[in-house]
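The hints should help you fit chain B onto chain A, whose structure is shown.
Chains A and B, in that order, give the protein sequences. For reference, each letter of the first sequence is one residue, going 1 to 341 in the numbering used here. For reference, each letter of the second sequence is one residue, going 1 to 505 in the numbering used here.
There could be a bad hint or two in this list.
[Said to hold, decoys possible] Quick list of in silico lysine-lysine cross-link-like pairs, BS3-like style, CA-CA up to 30 Å:
#: 1; chain 1: A; residue 1: K71; chain 2: B; residue 2: K343
#: 2; chain 1: A; residue 1: K71; chain 2: B; residue 2: K399
#: 3; chain 1: B; residue 1: K22; chain 2: B; residue 2: K399
Hints listed in this document are in silico derivations from the structure and should not be mistaken for laboratory results.
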Amino acid sequence: MTSTVRTYLGRLLPQLIALAIIIAAISIIFPGFLNLQIQNGRLYGSLIDILNRGAPVVLLAIGMTVVIATKGIDLSVGAVMAICGAVSASLITSGHSLAETLLVTLAVGVLCGVWNGILVAVLDIQPIIATLVLMVAGRGIAQLITEGAILTFNDPGLIFIGSGSFLGLPMPVVIWLVFGILVALVVRQTALGMLVEAVGVNREASTLSGVFTPVLLIAAYVLSGLCAAIAGVIAAADIKGADANNAGLWLELDAILAVVVGGTSLLGGRFSIAASVLGAIIIQAINTGILLSGFPPEFNLIIKAAIIVFILVLQSPRFRAVFTFVSMPRAAGRPTEREAK
Amino acid sequence: MQTSNDNILSAVRIEKGFPGTKALDKVDFHLRRGEVHALLGENGAGKSTLIKCLTGAYRRDGGSILLDGEEIDPRDTFDAQRLGIGTVYQEVNLLPNLSVAENLFLGRQPRRFGMVDTRTMNLKARELLAEYELDLDVTRDLASYSVAIQQVVAIARAVHLSGKVLILDEPTASLDAHEVAMLFRIVRRLKARGLGIIFITHFLEQVYEISDRITVLRNGHLVGTRETSELNRRDLIAMMIGRELAAEIHAARIETAEGRMRYRFRNYGRRGRINPFDLDVRAGEVVGIAGLLGSGRTETAEVLFGAHRADSGTAEIDGQTVDLSSPRAAIRHKFGFCPEDRKTAGIVGDLSVRENIVLALQARRGWTRPLSRAEQNRLADQYIRALDIRTADREKPIKLLSGGNQQKAILARWLATEPEFLILDEPTRGIDVGAHAEIVRLIESLREKGLSLIVISSEIEELVAYSSRVVVLRDRSHVAELGGDRISAHQIVEAIAAANEREAS
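With the rest of the complex left out, here is chain B:
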């Protein structure tokens, strides 16, 4: 066992809550001296929240942080930097219009007679960057260099300022393979100097290439910390998206009766977003979509709904070729779409619950045929009751409702249009347990009524519970389809991992 002295940074039982959700629930995290520690999890797992608690960007609600064995309590990121914790973000947080040297020494420029000593500063900057194998003209604007170079400058600044712990938040997201290799050389060198490095990424290959240990978070809980060499890809994916069967949901799995084939997409796709795919959906069927983040789940939904126009393939409904090139066109064919990002793409925050519920129906009727106020009230009340939307009254601005109730109101918005094809992108993300179960039940009852549904979810158990078939995505392609007995959490994880391994080999 490691003794605590080997840990340069220890976070113990960190807790952080936001109104309505618990973002971190007693999470432990230990970082050793001279290690690269990958922090993994799907979106909303709590990675950034944990980082923000460590760097003082958020005030934690509970737990303690030890740096070099001493308890610290950074008030803000500057404080954390001073104590020794430096952070480099995906979008470089430096000033592109200042020179490289100024960026490195901003706020602590060497001075002579009270004036900034530019010569000394440039000299020191060159020396500093030489340690990173970089030979740049440090007087040029930072913006004139590539993102990779800017990334290294940001790292140099962070290490120079802090020097104990370096946090890299998706540093490779916009780098090409060559640049990633350069970055990793630097990371290894810093590691040899004894820094503790936290590495956040969505690229599993890079995790295996660079990291010594892996910590996985899920839904604000610590799933576990493992040695990278002892954790295979399949188990890692299972840790990230979960395989423990939520018995109460899983038990409810019902075999669907075969409905008639209604929707047929052939070679459907859009360049740069989702590779062409074939998809058939029957009446009274839920097609689940599984895959890791960035695999093309949301892109599939958007192209089906016309939010991004498909540039290849055909769509048929009941044998008739149809045009689904815009949301309005899709809605004419009785499509509905609950987007993943409720706040920016779902709710119309300042408007009332009533107006949010009638919005899609009113938009379909056109502005010249307004729903009367009485009709609006009736619809709103009907769905507030049917979906148990908890609100003081229908005139309350929707932004004041909790996440789960907002989600139900957006579902109501589509149900009011009496849809036949409903696309739900992460319908249960970020909502509390009670509302979660209600939405799962709702999906099942809609399917029983004969609707066709496409449901995207990161929660594998959930997909298992209600899906008639599950499509597995990887790298913006549909790579597998599971049906019947083959739908189990285990099989889905296998399919994602198999696709991953094929990629890795």
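Just chain A, same shape as in the assembly:
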């Protein structure tokens, strides 16, 4: 199966190159960047920090990838994070067990996804409008749950999810690694991936071929809601409290950006979850790198924008047509190339 491995790497090559360049650049400006050390059985260092800080966006990007592959978009994920953070904080403070809290929180995320999915698949509302509803209303709901205050908690179990560690890795990293691999496996080892891509490319033709389009669409938004719920719990556990105003604020945009940097087309169709995860890590690496290298904070957003434009130019078919050497193994990373199974 070496050819499978090669196409897989080929698909991810542009993202891997971009990440390598960014990390190299930061480590030149900030020499201590690559250092890793073990304290109390746990890895510490800037690289680990990137993986840890990036957890919410990585999780959101996993769900967003599948939604975008169906030619949709989910603007509500930031607000769903806030809702789920608020739900978990209010449940745990009112004396429910950790298991109950997590279960209900994830169910709330699924419910948000069902709502979005029904608006899109059954009522046929454009995804950008359908999910805008929950994006706006969701933060209000979260504020209702926390009653306008930052709801703090000190349950050690819940806090462990945000700042604990497992096998030397921070918990958030363990969670997104396990969850991401799980989703990628389910999507590619079953026929879901192909059916999602078919619906994204041509919904009518897929429906006429017997694909159960509405259920697939709802499932995509449910996955996105579930991802947002997990991200919401991590974000709340990290600060030991639910902040309805700021939890997940603007993260939907970072998640969309991560998917785009990962090379999945906003027009739907071919997608790669691994590439989106790399995209999210690239974005976090840029954030961390700018912070570390001591530029005045005013420049941060502009530098970030410039780097992202550069990555997108690297991916553009026209640029590739001119500089074919960028995609050295011939099939590498063409947008239509399929993530290997």
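Just chain B now, with coordinates in the frame of chain A:
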């Protein structure tokens, strides 16, 4: 004979090709001063392509266009407008959120001291519309008026701008009888002023009411130009859908053995799409569906397949009542459907030929039971070979294939599900001659294997060649059924025309 001076517009040997097809093949078209000239043909005959070549929307590949005896070469529609050729489309191409006056004078508003002189503009607009018996508040938004009024405003603008040739592309499609009468009064008045008017429509009654001459196109070829008064309805329909027998196909006509009755539809229909009909289909039988465009052919197919749920009647398979309310339900009963519009409803463009072929089978198995990659490869290769689908390899995105090969891949998608009832809507449209013959042969071999097929086609000879029976549609109703010896191109055309005449009387 008319001398060339009587022609306000002459198009000579116009040619236009698109990748894989020849849309216009040396078509001649002459428009006289002060005549209404109907341009007719089925979908894909080349009407719009010809119009687009005349108005510069397309660059023609060959031939010349003479306006008032002078050779012209419009670069785009604005250029054509400036030269004197104005066009009004079915969907009004004006700006609904601007006032009537602004729409009339957009881009050339009267000015005073560099500012738009609204008063003069409104005054002129009222004068202009008075010529069309319209007395409107020209300061109101165009959108506040009916489609018919908007249509007239569009005509007024086009005539005012151009003034030599007016092209009306299905202007009556969304008008009621009263509005059509108003439009025709205006058309007659413009005709009296000496304009040449090209009129495109699917309504034959209107053709006979308004036009002086008729030109018919078919498959990108000129079939002929006739005086309307000398061409009866039957001959006109024959010109449009063809009666010359394509000998090589027709000779192959085989009488089918009587298979057992399998599919029985009673009073089956859906309000607003297709009136209730009865239909029986045997095993090993091809039922052809004939009729003019808009007669309900595609609607019949869609309701049979559950793409639009039937709201009346029952469906039986082998005596058992079955539910065919969605494509998934139909597919469970081994139905398959190749839709007319391959691009929007057939192919999944970005996916590979392999994925397109296995799509319906995979959808039927459900997402939890994926076909292994090896199994997919085997199926794809099998059908690529069996149907001779020409592609570099099975991983090529299907959108890069030619029309005929895309059609074969979609057929393969259904054959992979081992269907028993296959509905093909215009399976041979827009594909080249070689692939055309292959698909006709394929239909025959499927029938010999005992499948039941419903085939919709605008090509009468084709229907004659492979149909066991032919159902004729008119005005969203099934009006006749021909079987046995009565299946001939002549009989089919008669049946369509008879239905037409009944309507006209």
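Against the structure, the hints:
no.: 1; hint: A:K71 - B:K343; result: holds, 17 Å
no.: 2; hint: A:K71 - B:K399; result: holds, 18 Å
no.: 3; hint: B:K22 - B:K399; result: holds, 19 Å
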